[in-house]
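When you get a sec, could you build the whole thing from the sequences and use the hints?
So the sequence lines, in the order shown, correspond to chains P and F. Quick note on numbering: our numbering labels position 89 of the first sequence as 89, and the sequence is numbered without any gaps. In our numbering, each residue's number is its place in the second sequence (first place is 1) plus 1000.
No wet-lab data here; the hints were simulated from the structure. Don't take every hint at face value.
To be verified - Straight-line C-alpha distance at most 27 Å; calculated BS3-like pairs for lysine-lysine:
1) P:Lys223 <-> F:Lys1025
2) F:Lys1025 <-> P:Lys76
3) F:Lys1025 <-> P:Lys185
4) F:Lys1117 <-> P:Lys79
5) P:Lys271 <-> F:Lys1117
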Amino acid sequence: MSIFVYGMIGWTVKFSLSNRTSAWSVDNSFAGLANFTGLLDDPEFTHAFSNLVKFTLVFMIGTLLSGLIMALLLEKGIKGEGLFRSIYLYPMAISFIAMGTSWRWLLDSAEGEKATGINLIFHKAGLSALENSWYTSEKGSMYAMALPAIWQMSGYVMALFLAGFRGIPDDLREAARVDGASEFKIYRHILFPQLSPTFLTVLIILGHISMKVFDLIYGIAGKGYVTKVLAIYMWQVIFDFQNYAKGAAIAVIILVMIAIVVIPYLIYVNKTEEANK
Amino acid sequence: MSSDLASRATQSKDISRNKKKLDGKGQFWLVFRYIALSLLFVIAALPIYIMVINSVKGITGVDQATAFIPPTSLDFGAWGPTWDILREPMFRTLWFVLQSSIISAIIGSINGFVFSKWRFKGSTVIFTTFLFGMFIPYQAIMIPLTQFNRWAGIGGTIYVLVFAHVIYGIPICTLIFRNYYQGIPNELIEAARVDGASMVTIYRSIILPLSIPGFVVVLIWQFTSAWNDFLFAIFLTGGSPKLSVATTALNFITGSGNQVYYGNNMTASLIVSIPTLLVYMFLGRYFLRGLLSGSLKG
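Take a look at the structure:
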């Protein structure tokens, strides 16, 4: 099975190096790196790439922070914890094509009297200055698009951190407290360093999800130009332009970006696991 | 191990121990935490709240200005017509999702057993290639997969999706089972071996009966991810209506041009979400376990 998947990847790579650039062409001849160099000159591609970078930055930082805050608020235990936890985590169980319907409405770009969604809340609260055109604006589109993504993944990050916090023995905290350390210092110098493997895991997971993001953006904004990322562009190249070679080249780029992040991580995980044996 | 991770995350902390009288500062922080938690609660719940209240306002009852406000009376008018469109895709999805989850669970269990109890030369390397399999984006194999499907004679049938999700499910299923089986003491296996049991017999009579919770975790995980998948569904079926599944049918309903029918769209989105939401509500603990095992380690 493993051979099959890697064989498929090889096939994709072969496509990406071929001349099969339209639906009519069955020309599988070798084209070298032409498809890749062609992408660099393709303004749509560079646009999608820079969108993806913006999205990834905001999404990763936002999700990390909000998940961490959720975990910090819950980690000492509080009445009703189970309820909070399940509400924070439910977005992970729903398809983004479905949640996209709600988010499209919440992030509607109408302002002023015609405002809907979040803009309506701002309008009614007298915060008209905050009303904006969300994901339809040229500049802010990717930052707005990160909101639903943060919303969806925060619960997951919370669960990871919560598990991390609770794996730290209470005695450690007690000991520090007896020594007169303030709560802030306990977190800063004792708890957070213990959590560094969790931080790493979270970053890897969020990073690889971000690079292949598709459903989430497609569910809200379709194939719109301002929110185009690599996965969307690839889809468009294959479906609308039937350019298999170019689509495969984009796929290879996505795969390589993920591999650069993930493979060192897997090697590191294997090493620590061996060391713990 | 992942199961420990999950139980750590789900077991509410014993707070009775901390019930000593709170001083003023402690009380302030408790109130602060509740306010912050409730605020996050509202934000997290908002999209599903919008979906639910607007699905019971009838087809034309949704007004942009009052969409945040619950209806004064329940009108299920949008449910009938929406369900008529979604019924067939929903059952089709259920059918293919069940098949792909069960097949990948069985293969994952056998693989997991081999990786955890049968150290052979190169097993670490092969296992790492499996792990990386979890991170391989769908995009990387989509194009050749369509050609393979045509070649294998399953192009244009729902089996393209069964096949794709089995392939993609195997890494995570293997990982979950491997971690799970590592909790089973090696002595048990050794003892059976001394008694002359083969690996196959050991798997069948010792491992399999112990695997029920593992199977629940894996099946739920596979069910949810295959149900919610959109990329494979739209790509491998080529948008053919004969093969529409829950997410692609939903996308057809809510897609561009239909965005004004909020009542309909919200209802359709809710209907498509109900199966996975039910699973989450009743088996959330197992869902979380699957989720956390994707993280390899804590």
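A quick look at each hint next to the structure:
no. : hint                   : verdict
1   : P:Lys223 <-> F:Lys1025 : violated, 52 Å
2   : F:Lys1025 <-> P:Lys76  : holds, 16 Å
3   : F:Lys1025 <-> P:Lys185 : holds, 17 Å
4   : F:Lys1117 <-> P:Lys79  : violated, 42 Å
5   : P:Lys271 <-> F:Lys1117 : holds, 19 Å
Violated hints for the displayed structure, listed by number in ascending order: 1, 4.
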